[in-house]
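Here my numbering is used: the first residue of the sequence shown is 49, the next is one more, and so on.
Some hints here could point you the wrong way.
Using 27 Å as the maximum straight-line C-alpha spacing, the simulated DSSO-like pairs for lysine-lysine come out as follows [to be verified]: (1) Lys98 x Lys137; (2) Lys346 x Lys397; (3) Lys98 x Lys111; (4) Lys346 x Lys260; (5) Lys332 x Lys260; (6) Lys241 x Lys111; (7) Lys324 x Lys346.
Using C-beta positions, here's what the derived DEER-type ranges look like [as the list claims (entries may be wrong)]: (8) Leu264 x Ser412: 44 to 54 Å; (9) Arg245 x Thr441: 46 to 56 Å; (10) Tyr197 x Ala320: 24 to 34 Å; (11) Leu300 x Arg213: 32 to 42 Å; (12) Ala320 x Ser387: 51 to 61 Å; (13) Val354 x Ser233: 32 to 42 Å; (14) Glu238 x Met377: 37 to 47 Å; (15) Phe162 x Leu407: 44 to 54 Å; (16) Ser387 x Ser164: 22 to 32 Å; (17) Arg175 x Met377: 39 to 49 Å; (18) Leu264 x Tyr413: 40 to 50 Å; (19) Val447 x Arg245: 41 to 51 Å; (20) Thr440 x Ser233: 53 to 63 Å.
These are computed hints drawn from the structure, not numbers from a lab.
Ideal placement from N, C-alpha and C gives every residue a C-beta, glycine not left out.
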Amino acid sequence: MMKGSQWISHHAPETVLSKRSLITVLPLALLLVSVQVSGQLIGSPLDCQKTCVCASNIVSCSKMNLTHVPLLLPPYTAVLDLSFNSITKLQAEWTPIKLMKLHSLLLGNNGLSFLSSEAFIHVTRLRYLDLSSNSIRQLDEYIFEPMEYLEVLLLYNNRISQIDRTAFSGLLSLQRLYLSQNQISRFPLELVKERGRLETLRLFDVSSNRIKSLPLQELQALPAWIKNGLYFHNNSLPCSCELYDMLARWHLRELSSAIDFRSSHTCVLPGAQKEKMASLDLDKAYLNCSEVRVWAEKAYLEQFLVLDCDTKQRDMKKNWELPGNIPVMPEHKTALVRSDGSLQIGPLKVEDSGVYTCLATSDSYNETLYVTVMVFNSTSSGGLENLKTAYTTLVACLVSVVMVLIYLYLTPCHCPCCPGQDLEKIDPADSLHSSTVSISQAQEDLGQQERMEGGGGFPYRQVPFLQPKDQLEQNGRLNPIGEEDEEWQGDSRERRRSDAESVSSVCSDTPMVV
49 MMKGSQWISH
59 HAPETVLSKR
69 SLITVLPLAL
79 LLVSVQVSGQ
89 LIGSPLDCQK
99 TCVCASNIVS
109 CSKMNLTHVP
119 LLLPPYTAVL
129 DLSFNSITKL
139 QAEWTPIKLM
149 KLHSLLLGNN
159 GLSFLSSEAF
169 IHVTRLRYLD
179 LSSNSIRQLD
189 EYIFEPMEYL
199 EVLLLYNNRI
209 SQIDRTAFSG
219 LLSLQRLYLS
229 QNQISRFPLE
239 LVKERGRLET
249 LRLFDVSSNR
259 IKSLPLQELQ
269 ALPAWIKNGL
279 YFHNNSLPCS
289 CELYDMLARW
299 HLRELSSAID
309 FRSSHTCVLP
319 GAQKEKMASL
329 DLDKAYLNCS
339 EVRVWAEKAY
349 LEQFLVLDCD
359 TKQRDMKKNW
369 ELPGNIPVMP
379 EHKTALVRSD
389 GSLQIGPLKV
399 EDSGVYTCLA
409 TSDSYNETLY
419 VTVMVFNSTS
429 SGGLENLKTA
439 YTTLVACLVS
449 VVMVLIYLYL
459 TPCHCPCCPG
469 QDLEKIDPAD
479 SLHSSTVSIS
489 QAQEDLGQQE
499 RMEGGGGFPY
509 RQVPFLQPKD
519 QLEQNGRLNP
529 IGEEDEEWQG
539 DSRERRRSDA
549 ESVSSVCSDT
559 PMVV
C-alpha cells in the first residue's frame, strides 16, 4: 500500500502539491459541488481568458451574454462590471464569500427583475451600485440596509412603482439617488424631510415619473443645499400659482434643479385635453400668477433680526460683511455670527439699514449671498398704538353720527305740523289752571291725612284755591289769560305789590285762612 505522498507522485509526476496548495484547492472544489442544483451549475467559474477581462483588481464581464454571476471571484476584486448581460435574478448566494474590497458593482442593462433581500450581505463595503435599465418593480423593506458605505445608487429606467418606506434605511453615506424614468406615483418625502432625512443626500432625482402632486410647502422649507439637487421635472403636476411661486424662487436663487431643466418643468392644465405648459410661464398666461421678486428684510427699531446664509452646498465656511463692506468682528456688540453661520443683528437702529454680504467658501466651491435690510424709523408697538388710536377715533365719529340721527328722527315731535297733532293750540289758561289745582289738591290731601292720624301733629290747615284771573304773573311770566287790561296799565307800584301777594300765596309754606 502506497503512502499519500507516493500516490500523488505516482499519478501526477509533473505536479508537486504542497500542504498550502491543498488547503486552497480543496475548498474551491467543495464549492463547485455545493452550487450544483439537479446536476447543473448555477454559474460558471470565472474565466479571465474567455468571458471576462481581469486587470489587477478590476473584473469586467460586460456584454458576454451571461445569465449568472461568475463564481470564484477573487477576494481582492474592487470593481465588478456585469452590465449588458442577461442576469435576471440576483440570488442571495451569488457570491458565497465576502468581497470586502469590492466598492463598485455594475449590473445595469440586464433585465434584472428579482432582488433577494439578502443579495448584498456579502458586499457591505460597496460605494457605487448600478441597477439601472432593468425590470425591477418594487423595493422591499431594508433591502439596501447592509451597505452603510454606499454613496451612489442608480435605479433609473426601471419599472419601480412600489417603494417601502424602509427600503433606503441604513444608507448612512448615500449622496446621490437616481429614481428617474420609473412608475413612481408618490413623492418619497421621508428621504429629504428633517426627521427621516438621509443626512448626506445631496442629489435626489425623481424626474419622469407619474407623480401628480408635490408637498410644495415642505419642499420650499428645505435648505438650499437640498433643493439645489432635487429634480422632479417631467411629471404630471397640475398647474397652480403655488407651483409657479416655488419654481420662480428657485430660479431666482439659481438652483441647479430649476436652471438646468427650465424647459422640462411643465404642468398640466385643467380640462379634458390635458394640455401642458411651462410652469415658469404661469405668470404670463392662463392663471396670471403674481410675479415673484426678492424682497428686502423689513424690521423696526430695537428689534433683533437673524439673517440666514442659505448656501447651495452643505458645511461651507461663512463670513459676513456689514453695510460698507465692514467685516464682522468678535468685538461687534450689535452683530454676532451664530454657530450655524447665520448673522444676528440688533437692537436695530435706522443706520443699520443696508446690504449685508455672506461670503461662503469650501474646497471646491465659493458662493456669495446678499441680504438687504430695511429698518423703519419706528417701533412695532408704536405702529400698533397709532392704529388703535385711529380705530378709536373712527368709532367715536360713527357713534356721534348715530346719536345725531336718533335725536333728529326718533324723538317725539310736539310741533303742530307733525302728523297726529291737533292744529289748534292748547289753551294756556287750562294748563295754568290745572297746575294750580294740582298744587292745592296736594296740600288738601296732606291735611286730610293729618286729621286721620288722630288729631295729633300739625293743626288743620286750609289753603284757598287760586283763580287764574287773580294771577297777574306766574314765575316771571305774563298773565296768559290776557283779561282786564286796566290792571296792566295801572300804577307799577300796585302791580309789584299784587305780584308779591300772588307769589306769596302760591309758594309760601305759611297757611292762609279765609
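Hint check results:
1. Lys98 x Lys137: 23 Å, holds
2. Lys346 x Lys397: 12 Å, holds
3. Lys98 x Lys111: With Cα atoms ~12 Å apart, lysine 98 and lysine 111 stay inside 27 Å; holds.
4. Lys346 x Lys260: Roughly 37 Å separates the two Cα atoms, so the pair is violated.
5. Lys332 x Lys260: Within the cut-off at roughly 23 Å; holds.
6. Lys241 x Lys111: 40 Å, violated
7. Lys324 x Lys346: 38 Å, violated
8. Leu264 x Ser412: 44 to 54 Å: 31 Å, violated
9. Arg245 x Thr441: 46 to 56 Å: 53 Å, holds
10. Tyr197 x Ala320: 24 to 34 Å: Hint violated: Cβ distance 51 Å, outside 24 to 34 Å.
11. Leu300 x Arg213: 32 to 42 Å: 33 Å, holds
12. Ala320 x Ser387: 51 to 61 Å: 55 Å, holds
13. Val354 x Ser233: 32 to 42 Å: 39 Å, holds
14. Glu238 x Met377: 37 to 47 Å: 42 Å, holds
15. Phe162 x Leu407: 44 to 54 Å: Check passed, 52 Å falls within 44 to 54 Å.
16. Ser387 x Ser164: 22 to 32 Å: The hinted range 22 to 32 Å is violated for serine 387 and serine 164, with Cβ atoms some 45 Å apart.
17. Arg175 x Met377: 39 to 49 Å: Because 42 Å falls inside the window, the suggested range holds.
18. Leu264 x Tyr413: 40 to 50 Å: Violated - the Cβ-Cβ distance for leucine 264 and tyrosine 413, about 28 Å, lies outside 40 to 50 Å.
19. Val447 x Arg245: 41 to 51 Å: Violated: the Cβ-Cβ distance is about 58 Å, outside 41 to 51 Å.
20. Thr440 x Ser233: 53 to 63 Å: 57 Å, holds
Going down the numbered hints, you'll see the structure goes against 4, 6, 7, 8, 10, 16, 18, 19, while the others check out.
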